[in-house]
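Visitor: Make a model of the complete structure from these sequences and hints.
Chains C and L are the protein sequences, given in the same order.
Residue numbers for the first sequence follow our numbering, beginning at 1 and rising by one.
Residue numbers for the second sequence follow our numbering, beginning at 1 and rising by one.
Since the hints were derived computationally from the structure, they do not count as laboratory data.
From a predicted model like this one, the values you see are computed outputs, not experimental measurements.
Each residue gets a CB set at the ideal place from its N, CA and C atoms; glycine is no exception.
Among the clues, some could well be false.
Derived contacts from chain L toward chain C, CB cut-off under 7 Å, selection only [said to hold, decoys possible]:
| # | residue |
| --- | --- |
| 1 | LYS19 |
| 2 | GLN58 |
| 3 | ARG195 |
| 4 | VAL196 |
| 5 | ASN226 |
| 6 | VAL330 |
| 7 | ARG333 |
| 8 | LEU370 |
| 9 | ARG392 |
| 10 | SER426 |
| 11 | ARG430 |
| 12 | ALA433 |
| 13 | SER451 |
| 14 | ALA455 |
| 15 | THR461 |
| 16 | VAL474 |
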Amino acid sequence: MPLTPGKRPATVYFFGTCLVDLFDPEAGISAMDILERQGIRVVFPDAQSCCGQPAYTSGYPAEALAVAEQQVRLFVEDWPIVVPSGSCAGMMKHHWSRLFGPDHPLAAQVQAISGRIYEFTEFLVKVLNVQLEDRGQPARVVLHTSCSARREMGVHLTSRALLAQLAQVEVVQQAREAECCGFGGTFSVRHPELSAAMAADKAEALTDSGAQQLVSADCGCLANINGTLAKSGAALQGQHIASFLKSRLEPQA
Amino acid sequence: MNDATLHYMPGAGFRGRSKEVLDNPALRKSFRGAMDFLMQKRAAQFPDPARLEALRRQGEAIRKYSLSRLPDLLEQLEANLKQNGVQLHWAENPEQAQGIISEIMLRAEADLIVKGKSMVSEEIELNHALEARGIAALESDMGEYIVQLAGERPSHIIMPAIHKTKEEIARLFAEKVPGVDYTDSVDELIQIGRRVLREKFRATKVGLSGVNFAVAETGTLCLVENEGNGRMCTTVPEVHIAVTGIEKVVEKLEHVPPLLALLTRSATGQAVTTYFNWITGPRRPGELDGPKEVHLVLVDNGRTQAYARPDFRATLQCIRCGACMNHCPVYTRIGGLAYGTTYPGPIGKIISPHMLGLKGTSDLVTASSLCGACGEVCPVKIPIPELLIDLRARSQAGGADPYALHLAGEGEGRKPLVALSFKLWSRLYRSPALYRLFAFLATRFRALTPSSQGAWTRSRTPLVPARKSLHERVKERRSR
Ligand code: SF4
Chain C
1 MPLTPGKRPA
11 TVYFFGTCLV
21 DLFDPEAGIS
31 AMDILERQGI
41 RVVFPDAQSC
51 CGQPAYTSGY
61 PAEALAVAEQ
71 QVRLFVEDWP
81 IVVPSGSCAG
91 MMKHHWSRLF
101 GPDHPLAAQV
111 QAISGRIYEF
121 TEFLVKVLNV
131 QLEDRGQPAR
141 VVLHTSCSAR
151 REMGVHLTSR
161 ALLAQLAQVE
171 VVQQAREAEC
181 CGFGGTFSVR
191 HPELSAAMAA
201 DKAEALTDSG
211 AQQLVSADCG
221 CLANINGTLA
231 KSGAALQGQH
241 IASFLKSRLE
251 PQA
Chain L
1 MNDATLHYMP
11 GAGFRGRSKE
21 VLDNPALRKS
31 FRGAMDFLMQ
41 KRAAQFPDPA
51 RLEALRRQGE
61 AIRKYSLSRL
71 PDLLEQLEAN
81 LKQNGVQLHW
91 AENPEQAQGI
101 ISEIMLRAEA
111 DLIVKGKSMV
121 SEEIELNHAL
131 EARGIAALES
141 DMGEYIVQLA
151 GERPSHIIMP
161 AIHKTKEEIA
171 RLFAEKVPGV
181 DYTDSVDELI
191 QIGRRVLREK
201 FRATKVGLSG
211 VNFAVAETGT
221 LCLVENEGNG
231 RMCTTVPEVH
241 IAVTGIEKVV
251 EKLEHVPPLL
261 ALLTRSATGQ
271 AVTTYFNWIT
281 GPRRPGELDG
291 PKEVHLVLVD
301 NGRTQAYARP
311 DFRATLQCIR
321 CGACMNHCPV
331 YTRIGGLAYG
341 TTYPGPIGKI
351 ISPHMLGLKG
361 TSDLVTASSL
371 CGACGEVCPV
381 KIPIPELLID
391 LRARSQAGGA
401 DPYALHLAGE
411 GEGRKPLVAL
421 SFKLWSRLYR
431 SPALYRLFAF
441 LATRFRALTP
451 SSQGAWTRSR
461 TPLVPARKSL
471 HERVKERRSR
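Guide: Right, here's the structure in full:
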């Protein structure tokens, strides 16, 4: 069931996503910490792995389905499912029903789950209505939102709303904010020159924004942008928004 | 569709051509500037998101409805065209369409055809085919004229010469148009072009045009244009040949205004174009002007393949506004010629596989980050990213095939190594025990992560796993 606004659930599932699991577990831990600090019990199903997106978008639906089926079975209770990645949340919310199709034995569960999927920042803003107290030093920050997170989940709005609560944080604007960073999963290796050209433009726009720090709610974009920034020798590096928020909520030395 | 129809600039070779453009900063800058301009013009026409959304929904509904009744509407169109004195011809493939048009030319004893802008005429490679039969074709749309002078192909479906700078056009005119000195004043260049073309209109017997909408209930052909050359092509010569795809039909006149409003605003950011032509047949007794004969050539060329498969039918909703290419981060960087297909950009990626087969187009369907910018601006709400995902699946499909209706070239894009890696990936990620082991090894041996990770590390630092996976850290956290 989609939650009625303002109604706080006691417990949520946390779906970490495959990229966070292997490459940025700190983001997952930070997100869980923040949720728990809001008085929410966070359940992390141990058998989780990946939403199936890499295979699905590469034209391997059968392989994607086999993985997605495993995940669907994990969410037995009627709790919201919080995902620290807009594109994975979009996959689970919008594309799973296509992937499974109406005749799949799990179709009804997929349907029900779809209404319970929340991207992390969306959950903080729309369900928990959090008020964050900034305890960090003044900082100039630029926000990047993944394309599917923006178009399927509206994550740019909720991320921005959270950053706006931080008294010491100034959010600066990059040129062509809504343009893709060029990640696109296997696109990045199937068409490396195109992907690199897009990533280079994105890295330049972010650097030119004058921000000291980059935050994003999507690990795929972050891997792409951070890798590109680092290779070009830029000082700017991105951080998952959950880790960033957590750092702001703790008193700084 | 066989390989013979692929003889000019096939979708294969896309990588090499796109790389060439990527390595040309001046060209990239000029594309970027042109696309920025078009995006701003469109945005200015749709200040109210709610109204835009309502209009898009209406446009989508009209196109979906028209397609749902396509066979009926084509029959109705045929009957009403006949009533109006328009001769209808059906062409299953480019060769047939070429044959039909050359026949008409032959009967009219014409060796020159003056053309208004028509992407379908590009699709059927009309100019080449006519040339081979000793018939000259002259493009009268300014952009098409420039492209023809340069011996090139249109790089955009609305702005055929968008890849050319003012200076290039000036040099081209000075070189190719007799008696013209170099000038890079845009006004003068346009005047030169007009002068040349006006002369030709008077001299030619046959004019050709495209069609934006064909109205079944009245047998009316609608033509949108800005230069007046379309009106010239369809009224001055004795014979007018209109050519278009079978999907362009709508049932009622009242279906045209919403589509027109979406088309011109999305395409050029105009509330309405300078000219909008309603063509209802040849000159009637007592009328002073107009052609003596009007023909309509309806081209299939793979459209029925898209039509017959419910998951691909939305491809045919397209009204050819070009907005998807203007907003595409890939098109913006490489321009239209790199695609090698008549229709470039996102629409080209979803329609070309039906025209040319998936074999020659497998690199096109993967050349998208699926960012969704195209689907977001498409005035008739074609879910372009989803269609790309489905085309990828068809291109990769191998072995026992779950699909009843094959697409031409299905499975031809399959790369055994990629297929195998997704099999392994799937095995790993659907088995918690295997995955745990994999994650353990990947994190513990992170120091052994290769520093060269193929295409990824050409422009990025390597991806290195964390010291411990989230799974492990969650477990540790629990026991604390
Ligand atoms: S697919 Fe949509 S946006 Fe692209 S040309 Fe067709 S109608 Fe326009």
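Visitor: All the hints need checking, so say for each whether the structure fits it.
Guide: The hints, checked one at a time:
1. Nearest Cβ of chain C to the Cβ of LYS19 (chain L): about 5 Å, under the 7 Å cut. The hint holds.
2. Interface hint status for GLN58 (chain L): violated, as the beta-carbon distance to the closest one in chain C is roughly 21 Å, over 7 Å.
3. At about 41 Å, the closest approach between the beta carbon of ARG195 (chain L) and any beta carbon in chain C exceeds 7 Å, and the interface hint on this residue is violated.
4. The closest approach between the C-beta of VAL196 (chain L) and any C-beta of chain C is roughly 39 Å, which is over the 7 Å cut-off, so the hint fails.
5. About 29 Å separates the beta-carbon of ASN226 (chain L) from the nearest beta-carbon of chain C, more than 7 Å, and the hint is not met.
6. With a cut of 7 Å, the hint placing VAL330 (chain L) at the interface with chain C holds, because the nearest CB-to-CB distance is about 6 Å.
7. For ARG333 (chain L), the interface hint holds, the least distance from its beta-carbon to any beta-carbon of chain C being 5 Å, beneath 7 Å.
8. Look at LEU370 (chain L): its Cβ gets to within about 6 Å of chain C, closer than 7 Å, so that hint holds up.
9. A least Cβ separation of about 3 Å between ARG392 (chain L) and chain C falls short of the 7 Å threshold, and the interface hint therefore holds.
10. Because the smallest distance between the Cβ of SER426 (chain L) and any Cβ of chain C comes to about 4 Å, under 7 Å, the interface hint for this residue holds.
11. For ARG430 (chain L), the interface hint holds, the least distance from its beta-carbon to any beta-carbon of chain C being 5 Å, beneath 7 Å.
12. A least Cβ separation of about 9 Å between ALA433 (chain L) and chain C goes past the 7 Å threshold, and the interface hint is therefore violated.
13. At about 12 Å, the closest approach between the beta carbon of SER451 (chain L) and any beta carbon in chain C exceeds 7 Å, and the interface hint on this residue is violated.
14. Checking ALA455 (chain L) against chain C by beta carbon gives a least distance of about 4 Å; that is within 7 Å, so the hint holds.
15. Interface restraint check: THR461 (chain L) against chain C, minimum CB-CB distance 4 Å, threshold 7 Å, status holds.
16. Hint on VAL474 (chain L) holds. Least Cβ distance to chain C is approximately 5 Å, under the 7 Å limit.
Against the hints set out earlier in the document, violations occur for numbers 2, 3, 4, 5, 12 and 13.
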